[in-house]
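My numbering puts the first residue of the sequence shown at 508, with every later residue one more than the last.
Read the hints as simulated data drawn from the structure, not as lab findings. Any given hint could be a false lead.
Unchecked claim - Here are the computed distance ranges between Cβ atoms for each label pair: (1) 924 to 576: 38 to 44 Å; (2) 858 to 973: 42 to 48 Å; (3) 926 to 970: 19 to 25 Å; (4) 643 to 682: 19 to 25 Å; (5) 970 to 940: 19 to 25 Å; (6) 576 to 785: 22 to 28 Å; (7) 846 to 632: 56 to 62 Å; (8) 719 to 947: 49 to 55 Å.
Please read these numbers as outputs of a predicted model, since none were measured by experiment. Cβ coordinates follow ideal geometry from the N, Cα and C atoms, glycine included.
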Amino acid sequence: MTANPLAPGWLVVPTDANALAPTVWSRSAKRSASGVLSIADLDVDALVAEYGTPVYVVDEADARDRALEIRESFDREFARVGSSAKVYYAGKAFLTTEVARWMIAAGLNIDVCSGGELAVVLAAGVDPARLGLHGNNKSFAEIDRAVGVGIGAIVLDSLVEIERVADAAARHGRVQPVRLRINSGVHASTHEYLATAREDQKFGIPLADAADAVANIRSHDSLRFLGLHSHIGSQIFESDGFAEAARRLFALHAELLADGDVPELNLGGGFGIAYTSVDVALPLDELARRFADIVSDAAAALGVPVPIVAIEPGRAIIGPSTTTIYEVGTIKDVQVTVAEPAEELAGDQAPTAIRKYVSVDGGMSDNIRPALYGADYSARLASRVSGAEPALVRVAGKHCESGDIVVHAEYLPGDVQPGDLLAVPATGAYCWSLANNYNYLGRPPVVAVRNGQARLLIRRETEDDLLSRDTGVEKS
Numbered sequence: 508m509t510a511n512p513l514a515p516g517w518l519v520v521p522t523d524a525n526a527l528a529p530t531v532w533s534r535s536a537k538r539s540a541s542g543v544l545s546i547a548d549l550d551v552d553a554l555v556a557e558y559g560t561p562v563y564v565v566d567e568a569d570a571r572d573r574a575l576e577i578r579e580s581f582d583r584e585f586a587r588v589g590s591s592a593k594v595y596y597a598g599k600a601f602l603t604t605e606v607a608r609w610m611i612a613a614g615l616n617i618d619v620c621s622g623g624e625l626a627v628v629l630a631a632g633v634d635p636a637r638l639g640l641h642g643n644n645k646s647f648a649e650i651d652r653a654v655g656v657g658i659g660a661i662v663l664d665s666l667v668e669i670e671r672v673a674d675a676a677a678r679h680g681r682v683q684p685v686r687l688r689i690n691s692g693v694h695a696s697t698h699e700y701l702a703t704a705r706e707d708q709k710f711g712i713p714l715a716d717a718a719d720a721v722a723n724i725r726s727h728d729s730l731r732f733l734g735l736h737s738h739i740g741s742q743i744f745e746s747d748g749f750a751e752a753a754r755r756l757f758a759l760h761a762e763l764l765a766d767g768d769v770p771e772l773n774l775g776g777g778f779g780i781a782y783t784s785v786d787v788a789l790p791l792d793e794l795a796r797r798f799a800d801i802v803s804d805a806a807a808a809l810g811v812p813v814p815i816v817a818i819e820p821g822r823a824i825i826g827p828s829t830t831t832i833y834e835v836g837t838i839k840d841v842q843v844t845v846a847e848p849a850e851e852l853a854g855d856q857a858p859t860a861i862r863k864y865v866s867v868d869g870g871m872s873d874n875i876r877p878a879l880y881g882a883d884y885s886a887r888l889a890s891r892v893s894g895a896e897p898a899l900v901r902v903a904g905k906h907c908e909s910g911d912i913v914v915h916a917e918y919l920p921g922d923v924q925p926g927d928l929l930a931v932p933a934t935g936a937y938c939w940s941l942a943n944n945y946n947y948l949g950r951p952p953v954v955a956v957r958n959g960q961a962r963l964l965i966r967r968e969t970e971d972d973l974l975s976r977d978t979g980v981e982k983s
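Make the full structure from the sequences, and use the hints.
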């Protein structure tokens with residue numbers, strides 16, 4: 508079969524439109540004997556019968572294993588270069604009390620970015636010393652609570668936060684460990700909105716202002732300076748940007764050692780994952796090896812000790828673990844002009860092709876990333892296999908927006924029909940956490956599956972939930 512001319516250049520026609528690319532799906536995902544998608548030995552049609560659609564299905568063993576593997580890899584590689592590493596799980600990617608407990612059990616720390624995220628991890632019973640607080644505009648209340656509970660580190664994102672955190676720590680009679688976020692100017696090869704170290708953006712302070720800021724931090728008896736922090740972006744597939752950021756930060760790190768201790772260096776993270784079969788993510792052990800070599804080489808070049816390195820893997824832990832299951836509602840074959848026709852091909856002679864629109868019962872309320880970033884995802888029929896010829900589809904949501912797209916381009920069996928279950932993999936990061944109530948849809952439930960057992964982590968949001976905050980609703 509030839510490719511549909513409407514398909515993007517990277518998307519190839521599959522030899523089997525039922526096959527699951529192992530780099531994209533969670534590790535336990537497979538087809539059962541009946542052809543139904545199975546995750547952790549549970550057929551998704553059985554899960555849907557109990558929990559409905561849409562539903563986020565988290566492969567618990569996959570998430571736990573990835574967390575453990577990345578921690579062990581960085582422990583091993585930094586021990587090799589005479590240091591150690593701290594791995595922080597990004598709470599903003601996907602956070603429930605149970606997920607927080609999984610990460611702590613794997614030996615990770617957790618980053619939080621708001622009072623709400625802090626409340627979740629505290630409710631999970633996490634030791635506040637295992638936490639870090641991020642954010643470019645932390646409120647006085649958030650700072651006060653974090654300091655008061657004994658949070659392990661606060662990342663200072665602006666000069667004004669130095670005084671705010673110092674004052675809060677003094678009130679609580681505490682010496683608060685802090686890091687200083689630096690805008691290194693290194694540009695990650697990623698979407699504009701995901702690049703977080705450009706000069707013209709809201710995060711961090713310029714490298715040129717950092718030495719004075721650190722001197723200010725050190726002038727406060729209520730603060731302890733841990734080190735510099737950098738984060739160059741998200742969904743990053745190469746290590747060159749990290750190497751350049753480390754080179755720039757190490758020059759300042761070495762300078763700061765002249766006036767005091769600088770025990771740590773946080774190089775951020777944002778490691779990429781495979782959302783489609785053509786995405787190639789670096790293996791976790793290879794990432795750890797490269798990071799250790801980058802830091803060791805930079806330290807050696809300046810003749811300074813290798814510091815403790817903190818990293819923030821982001822979506823690399825939780826992203827591949829989760830699959831969203833939808834039910835297909837309507838199908839439309841839309842005839843589309845392939846390209847802007849030349850004058851001689853105007854009108855009926857213009858080349859056209861068919862794009863099949865497959866609409867599901869969710870959309871931008873449970874995965875806003877395609878609309879927000881133009882993010883690409885994959886999809887497969889989940890309730891059956893089919894021998895029909897592949898057809899180019901666009902998976903659309905049910906919201907009243909033309910940009911409500913779940914999967915921009917994918918090949919599915921051409922006989923996809925209403926009532927089919929459709930699975931979208933790699934939805935563990937920034938899908939549930941960015942979920943919303945547009946068009947008054949309730950947010951889907953989160954179900955963890957492991958060893959043939961399912962348990963509810965977050966229940967489905969109901970219409971009663973949606974109405975509960977509306978003061979105009981009469982209370983019975």
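Could you work out which of the previously given hints the structure breaks and list their numbers from low to high? Nothing - there is no hint that the structure violates, so all of them hold.
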